[in-house]
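Protein chains in written order, with the working numbering: chain A, 994 to 1344; chain B, 11 to 219.
Some clues are possibly wrong.
Part of the chain A face toward chain B, derived, beta carbon under 10 Å [what the hints assert, rightly or not]:
| # | residue |
| --- | --- |
| 1 | Glu1108 |
| 2 | Ala1131 |
| 3 | Gly1135 |
| 4 | Asp1169 |
Taking CB as the label site, the calculated pair distances span [to be verified]:
| # | chain 1 | residue 1 | chain 2 | residue 2 | range |
| --- | --- | --- | --- | --- | --- |
| 5 | B | Leu39 | A | Ala1238 | 23 to 29 Å |
| 6 | A | Tyr1299 | B | Ser40 | 32 to 38 Å |
| 7 | A | Gly1101 | B | Phe153 | 20 to 26 Å |
| 8 | B | Ala84 | A | Pro1125 | 37 to 43 Å |
| 9 | B | His148 | A | Val1340 | 53 to 59 Å |
| 10 | B | Arg86 | A | Leu1264 | 54 to 60 Å |
| 11 | B | Gln87 | A | Gly1168 | 45 to 51 Å |
No lab work stands behind these hints, which were simulated from the structure alone. Cβ coordinates follow ideal geometry from the N, Cα and C atoms, glycine included.
Here's the letter readout for the chains.
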Amino acid sequence: MRALLLATAALIASPAAAQDHSAHAEPAEPQEEPRAIEHGAMEHMDHQAMDDAQAEPGAVDHTQMDHAQMDHARMNHGEMDHQAMDHSAMDPARMNHAAPAAPPPASGPPPRAFEGPEHAADTIYGTAAMAPGRQDLAREHGEFTGGTIMLDRLEARLGDGEDLYLWDAQGWYGGDIDRLWVKSEGEGAFGGEVESAEVQALWSHAIGPWFDVQAGIRYDLEPDSRAHAVLGLQGLSSYMFELDAAAFLSDRGDLTARIEAEYDQRITQRLILQPRAELSLAAQDIAERGIGAGISSVEAGLRLRYEIAREFAPYIGIGYEAKLGETADRARAIGEDPNRVSLLLGVRAWF
Amino acid sequence: MGMGGMAHGDHAAAAGSDHAAMNHSMRDLSKLPPDANGVGVDMVAPMPVDRMDFPGLGLNKVSHRVLRYTDLVAKRQNPVRPPERSLEIHLTGNMERYMWSFDGQKFSAVTDDPIRFAHDERVRVTLVNDTMMAHPIHLHGHFFELVNGADEAHQPLKHTLIVQPGSKATFDLTANEPGDWAFHCHLLYHMHAGMMQVVTVRPFPEEAA
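Between the sequences and the hints, there should be enough to build the whole structure, so can you do that?
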């Protein structure tokens, strides 16, 4: 009986156009053969041979396939050319076309499915009793709230002259689309003063799967008190680069911008090499901060971290920073070296 | 931020795709219903295949035999009835943002738009997993029949179906239990993030006294 059903179904099945790959996944017989022709295996088949009208169905020798060695992760379905496959030489009787040749129409629910009150439970318990529960149900299934605090860089920068310390932290709290995003960054000399310190409070709004637009304020505590309006873009660009680009308009009318990019190169699951670059720009000279118009400074770093736990990773690295153009001239004028190479020792942590 | 990179590191090998290989064909939103929220969809399976014969990640390379969906056959005969219509539901997500949904919309966004069936209608439902994780999808109140290659009278009955990453899986449902029923991913974190819907089977019976 089963064989008869299968054969009938197979006859009904129209050729190649109607064959989907789910059907091919089930050779009906002989039963002791591997039960599945994986797509990966199909890649290895010689489709030219299948094109040959003289080829016998038996030419596709399922027993030669080694499914155990197939690497599903490496299959590339995107590159398969289904147009180029010719199934005409395959024997339909040997395949299980239990799936109907033409799928039933995707016609949407019939009118009966729209009849009656909006909610079934209301007919038993009443809307007054059920409405609060439904509200909770919605809130608990999609209204996600979360947050994280990330200490991206907490490091000592050892090199010529004073040894410096630096912190660079950020955190967010909120839902999946809108979040409060807080960032803080600063630098100082060990045993000396804090040279720069800033805090940003931003509203972060998802504009795509990987990018947020961020707007808010930045407040500089050092070297002098100064507020800025911030507009930026933060996210994960193609090839997994973390990007953070923002423009700042200070309360004195100065326009500056910063672009940061970093990339996690996994050497092992725990050992990660992170190249990082930062570019600072200014639209005008800012004399009191020694900044000249144009690209004012670049920073490049290479950090090798070991994740003792996901949340805690000490690192060692090398950093190069250079003031450029007018900014470099101003540094030289006050006897500072505009370039600096540092050995970086730090820790990256989040929770 | 590190967490995103982590999630991808864990799953990239499993699904055979990572962002490095990303291109437009890996995220063709036109394959989803028009009201899908693109922010919550980090990829759309470019060519989902039925993988009911797949033993499961981690079980696909073991030396012993593993029970798979294609091994199942119903013990007792089911009534044979061809499906009257088909329905495709995408399992969607964005791991960078901890977002999970059906058809690109989390439950809280579609509370007034349930998945509708008419009482006693028979529908062939195909679940398309656009994500890089397996999802055990559970329908309350019903047993459906896996379209797993078994003959039509002996398709195995289940109420929860694991859909492999980047794959699809199909079941025939005879909607014979009127009412509102939960339909959700049984990884409860995914459910609470929004991979949840109400399945309504109508009309409801006349109110009992």
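Practice item. Mind listing which of the numbered hints don't hold for this structure, in increasing order? Key: Going through the list in order, the structure violates hints 6 and 9 and respects the others.
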